[in-house]
Structures are given as C-alpha cells and as structure tokens.
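J.: Start from chain A and add chain B according to the hints.
In case you want the letters, here they are:
2 protein chains.
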Amino acid sequence: MVLGELSGCMEVTEDVVSQSSPQLRAAGGSGNIILKTPKGTRDFNPKQMAIRENIFTTIISCFKRHGAVAIDTPVFERKEILLENYGEDSKLVYDLKDQGGELLSLRYDLTDFDIAGQYDPMIPDAECLKVMHEILSSLQFGDFLIRVNHRRILNGIFTVCGVSETKFESVCSTLDKLGKMTWEEVKNEMVKEKGISPETVDHIGEYVQLNGGLCLIEKLLHDPKLADSRLAMEGLQDMKLLFEYLTLFGIIDKISLDLSLARGLDYYCGVIYEAVLLHQQDGHLKESLRVGSVAAGGRYDGLVASFDPKGRKVPCVGVSIGVERIFAIIEQNTEEKIRTSETQVLVAAAQRNFLAGRMKLISELWDAGIKAEMFYKKNPKLLNQLQYCEETGIPLVAIIGQQELSEGVVRLRDVTTRKEIIVPKDKLIEEIKRRLEK
Amino acid sequence: MVLGELSGCMEVTEDVVSQSSPQLRAAGGSGNIILKTPKGTRDFNPKQMAIRENIFTTIISCFKRHGAVAIDTPVFERKEILLENYGEDSKLVYDLKDQGGELLSLRYDLTDFDIAGQYDPMIPDAECLKVMHEILSSLQFGDFLIRVNHRRILNGIFTVCGVSETKFESVCSTLDKLGKMTWEEVKNEMVKEKGISPETVDHIGEYVQLNGGLCLIEKLLHDPKLADSRLAMEGLQDMKLLFEYLTLFGIIDKISLDLSLARGLDYYCGVIYEAVLLHQQDGHLKESLRVGSVAAGGRYDGLVASFDPKGRKVPCVGVSIGVERIFAIIEQNTEEKIRTSETQVLVAAAQRNFLAGRMKLISELWDAGIKAEMFYKKNPKLLNQLQYCEETGIPLVAIIGQQELSEGVVRLRDVTTRKEIIVPKDKLIEEIKRRLEK
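Order-wise, the sequence lines are chains A and B. By UniProt numbering, the letter at position 382 of the first sequence is numbered 382, and the numbering carries on one by one without gaps. By UniProt numbering, the letter at position 268 of the second sequence is numbered 268, and the numbering carries on one by one without gaps.
Chain A with its partners taken away, still in its complex shape (with noise of 0.2 Å):
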C-alpha cells in the first residue's frame, strides 16, 4: 500500500498529459506547471520497476558470479572523453551543460562487464561471451545469436582489398550500418562518401557476406590472398583459439563469426560480438532487426593506455547489456499480473477499536524483519483487507480482535485457502516464517 497510491496519483499526472494544454493549467494555488518529464526522459511505474529490478537482478548476480566488483562512474562524462573514443558514433551522444560551462555528455554505456589487464589471450574475451550468454540465456526472452568478428581480421580484409589504413576506422563505422542499411546503400556510402573504388567495395562485399564456426575460420585461414595479410592471419589464430575456449564453456552452438560485424567505436582493437534476437518466421529462425543487438562489446587495449600519462597499457575486454532494449521487450511479452510489493502479511482487525493493537503487531513483524502492511484507517472493514490482500497478492493475513486479544492468540488466514488457523500470540513469527519458507 505504501508509495501505491503516489504511483496511483503518478497515473493522474500521466491523463493530465493526454489533455490539451489549457487544462494542463495547474489548479491547486501553485501557478502554471505543465506536468511533463525533461526532454529524453521518462517515469517508471511500479510494474515496470518490477519488471527492471528483475531485468537489473539478472544482470548483477551473473557479475557477481563472475566476481565481478563493481564500480560507480558518472553518468555524464567530459565531451571531449567521448568525442576521443567514440568516433563517429559521438554523433549520438546527449549534451548537457553545466554551470562551470564544461562540455557534458550523458554516458550510454552503462552496464558493463570488463576484464582489465595483463593476460593469455582469448580467456578473458571467452569470460565475457559467456557472460553474455549466461544474462541472455536467464532473462528467457527466446532464442538468440551472438555474432562475433575480430577488428584485426576486417583490417586484413580491407588491406588485400585495397583500402588505404587511414580509411580502415571510417570504412568500418560504414560498414557497421549493414543490417540498418542495405549492402547497396552501405557500398553507396563508402564509394560516395568515403572515397573508396567501386572494385574495392565489391570485393570487400564478397568477404563480409561470409559468416559460419569453425570450417569458416579455417577456410579463411587458407584464403591465399588473406594470406598476405598479418593482421588477418593474427586474428584468424585468435578467433580459432576463442572458438576452442567456447566450446569448452559449452556455447558454441550459439556463437557464429561474422564478417559484417564491424561495431562502430574506433577504440576497439581485436574480438569484437553482438547479441541479437531470433524470431521463428516460416519455419526459419530470423534475426528481429526490429530490436538490434541487445547486448555487445569488444576488446579496446589502446583506451586505457591513451589516459595514461606513461602510457602504460592495461589491456581491456568488456561486454555492454543494453538494458533499456530488453526492458522495452520484455516488458512488451509481459501479460499476467507481477506483484509490484513484497508485503508478506497484512495486520488485520477483525472489530472496531483495534488500531493501537495491530500497530504493536506490526512493529513486532517489521523487527522481526516480515515484510507487513496495515490499512492507516483507524477502524477498516475486514472485508476490504481480505479483499486487498486477494488483489495484491498478499499471502498471509494475521488477524486481532477481541477474542483473540482476550485469548492471547492470533488469528493467521492463508489468502490462497482462506483456511485459517489460532496461533498464540509467542509463536506467530515464528509459524509466519515456517510458511513463508515453503
């Protein structure tokens, strides 16, 4: 009940919206406020918060079970910290300004999971696909595929293509919009804006349509002409080790390389993957594009080391979860009624005059620490408080009146049953808890 009803006033804010603006004139004394949330922002109800804290629950406790410790950065960050390292993508960025007059820029990359430092190659990366996995797999929102490529391989496949190194970052952030785009707008973009010959692009279009495990990679591994490419072969022994440490953490059937997948940041540097939703469709599974990818990350070594004064390189390897995308799922799949409380017990009277003794019952349970509601009405009918425990899901109801005070017992109703039993007044929490335990 506590907090309820704001939310329930939270829905008249919300009506207000709906109506047009001369009604939006505030009548309670207090001038003209248009009731709105800033610009870029929203409200969560009490079931959406439900369905978020299940969503953010998910996520940590797989982090945790990686021993994961946390930190706490701010949200905004200083523009030029972003404009470095987000690349064209910083196009996408939200400013804010503060007073100092700094520039400001609200993060999106909240959620993450990094392994930082020195270590033998592919574990680390390994950990984070199935991280991924683990959180994918959890959140039961259906099938997914998790695409991985390596930036090392994209550029062997650029270099035997022709394309200069200079064009390697701004031909992958064009290459990042396949799927948003098509092949021939993508091609379109690199020839027109990019400068690269019409050849080059074709030829690079034979590689990236190119996806598959294993026999891929050591196709690949064969290709003469990517043979020439150091950069290709490093990242083809790299991926076929990755595949390996995969199949070991049981997750292969869900991997696939994916040489499209180019990711947009400048700063990553080696494996870089996305998750996306399947969807069956005429007996096939399809990628929902409606979505995109709901998860992804990659390793980016430089971007420690680019803070660093020394220099210093703390190589890196991370995996984002795009909570805002799967909360918009998931909430969407979610039909049947979710308790947004956890009250256990109601404290009920069964007569008039009873306040002062379910308000010492209730600080008994609340120091016991049983999660208990009482209705803030001095004499409530106990048939509203049955009702109310029947709609919001309330499992145990522990009723006073006069003949239990007299008795010193209690009166402990099961809501689902309606089956009640007496219980002394000495024994109830612990009664309580023996069934909540069940």
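No lab work stands behind these hints: they were computed from the structure. Just so you know, not all the hints are guaranteed correct.
Derived contacts from chain B toward chain A, CB cut-off under 7 Å, selection only [stated by the list, open to error]:
#1 P46
#2 M49
#3 F56
#4 I60
#5 I71
#6 D72
#7 Y119
#8 P121
#9 I123
#10 G250
#11 T343
#12 M359
#13 E373
#14 K377
#15 K378
#16 K381
SDA-like mimics (lysine to any residue), calculated; alpha carbons at most 20 Å apart, straight line [said to hold, decoys possible]:
#17 A/K360 - B/I251
#18 A/K371 - B/S138
#19 B/K377 - A/K360
#20 B/K433 - B/R413
#21 B/K425 - B/W366
#22 A/K381 - B/G117
#23 B/K167 - B/H203
#24 B/K240 - A/A356
#25 A/K254 - B/K360
#26 A/K371 - B/K64
#27 B/K378 - A/Q118
#28 A/K286 - A/S256
Keep in mind the model is a prediction, meaning the values are calculated, not measured. All residues carry an ideal CB built from backbone N, CA and C; glycine is no exception.
T.: Structure of chain B alone, referenced to chain A:
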C-alpha cells in the same frame, strides 16, 4: 579478479590527477586528455561501492519490509517544478541545460519513501518515523536523535508572536538555519532581511528554544498565548496523537519535539522531522554538528494537488535518507578490510597444462550458480593462486591436477584452515554448496 584491475587502473588515473598538469597530457597517442571527473561528480572504487551497496541494501530492504513499491523518475527535473516547491532552497540545486533548451535541475531528494493517500491522522506519519528509526538503527553508526515539529505549531507561534501570515515561509527558512547559525545571527536576519520587529523575534525565541516529550506537548496545550491560535492547537493535538503511535511502535525514546525545527522546503504543511547523529562529549550525548541531518522529511498534502488540473488533493508524507552523508560517515569509520567481490570458489590447477580442465570445471560451477573465478593464465603457479585467495578472502579452492583428472576427483581446499579433502567430481557442487551454507 574481474574488473579488479580496472579499479587498479583507476587508481592510476587518480595518481595522474594528483600530478602537475604538464604530466597530465596523455602519451597514448590519442591527443591531450586531462583526467578529471565532471565538476560536482566523483568515481567510486570497489571498496566504496561495497560500502554503498550495503547502505542501499539496508535502506531498500527496510522499504520493502514496509510494503513499498518502487517508482523511478529522472534524476533531473524541469527547473520550474523545483523552483515552485523548494522555495528559497532552490538556490541549492544544480542546474543543467539540455539541447532542447529546457532548464533542468538535479533533484537532491533521492532515496525517498512516501505514503500517499487519504488516511486517518498521524498513522502514515508514524510509519515514516518508524522507517527512519529502523534504517538508522540497522546502519549501526552510533546513537541518533529524531527531532519532530509541526508546521502548524510553528505558524501558530509566529501568529501569537505577531508575524503576518505572508511572512511565515520566509521566517521559516531563516529559522531553519538555526544550528548552522547562532540565534543572534538568525535574529539578525529576521530583523534586517525579513523585516520582523526585534520584540517579535525575541518572543519567537522564547518558544523555539523549547524541546522535550509528551509533557512539553501537554504544557504547550495549556499555554494561554498559544490557546488563541487554532493552528497551534491543531498541530499540538496531531503531535500528541503521533507520540501515542510512536510509543506503540516502541521508538519514542529516540524522538524529541523540537520547536526550533523548521525544514527549508515550502511545501511542508504538517509534521516535519529530521534525524541527527549524537556523540559522547564529556559524559553527555551531543549532536554531531559536523554532519548535519542524515535523514529528514515531513507531510506535504498540497504538493500533488498543485500538479493536478482539478486540484484533487492526494495527501502525502515522506522521508528521505541522506545517502551521501551516511556514506561519508560510514566510509570514515570503516578501517577493517572488506571484501569487494563475493567469489566463493577459485578454480585452480596444480600443474601446467590444465587450462581446458579449469575452463570446463568453472563453467559447470557458474551454471550451478556458484560464484567462481580462475586465473586468466595458461599456467598459473599454484602458490600464486592460493595466495590470491588468502588476500581477497575467497573461502574455497577447487584444485585439479594430473592425479585428480585420472581419478575423476577434485581437491577442495578450505582457505582459512588450509585443510584439503578429495571430492568425486560429480559430488563437488553439492559439497561446495553444503560448505557455503554454513
């Protein structure tokens, strides 16, 4: 280990900040980046995050114990909304400006617990104080006192002392500075800035120095001057009822009616309260002025109506927990080493060439929901693996080697006792869970 080195490298960045600016230039090739967090923000390292997580867990579990449902609103709000309601305190908010040109301000009243709705007097108010009491008790950072007052009592006092109603709020916000300012300074501001006559201020002074329990309430209920003020009498009747309820909740010992308590925010209309920490000083408990209030709140019945076009009233009472202040205090008092990760088992190898074996074993543990880590090296030394557990407080080590592999067993080591037992591989998870339950 995961993310651990990242915090390690964050320590590097902290060093950097402490160095002189020429050295601040990044040598890592990506231009000249000065390392600092945006003005008014900070990073939190893993130790700090462990402390913060503990604080939030305490607060949120208390909210849930009281049946709270969560809602989430943007951390920044349209400035006009805050200006409307923070009164003179709106000088204290942090403004942002978004691209759309909306004036935005960061709310500072996060971590709120509110009860909204039309109920019998003082019942929700009492629960808010119980929530405050439970949270401050379970955070165990020493003795505290909860001061309560009532806007109607204050306004009644102002009336009988001869303050005109139009000046109530502005006199209130000056009175609120008492504690930070001496009474002389407060008096000075009331006379010079708020234009109250010195006699009136002295008269107010006689009242606002009073504090105590039920007997003070009784005394004031029979105060001949206050008797002329309907407001004061209503407020005192509320206060009497509230103290009854707080006695039933068993928390009255920490509560004191303090007529000098004013609270800055204009929208409070009824009961107001704030919690302060106490410390021993020459045998007496004194308020720790250094920190100020660690939790506060009150009743604001008019606020929701001011947003509703029909001016419908949704009475509200709430409490806000001063998380940042609480964090600062607890961080200061935390000397002993606290674990920053929750890892339960390290999967270790006794000899070389057991990477594949460790990977298979650890993914079985992960899939069984066990928090496990392994070294990201192909051939880590057993001694280093055991030392890592002792340093980081990981309780168990699962060791595999040639002999274990051939016999289909795992060596399970208790890090504290250093005792090792041999467990059949198919019994390992069961045995680990059994030990962790203890």
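J.: Tell me the hint numbers this structure goes against, listed in increasing order.
T.: As far as the earlier hints go, 3, 4, 8, 16 and 19 are violated by this structure, in ascending order.
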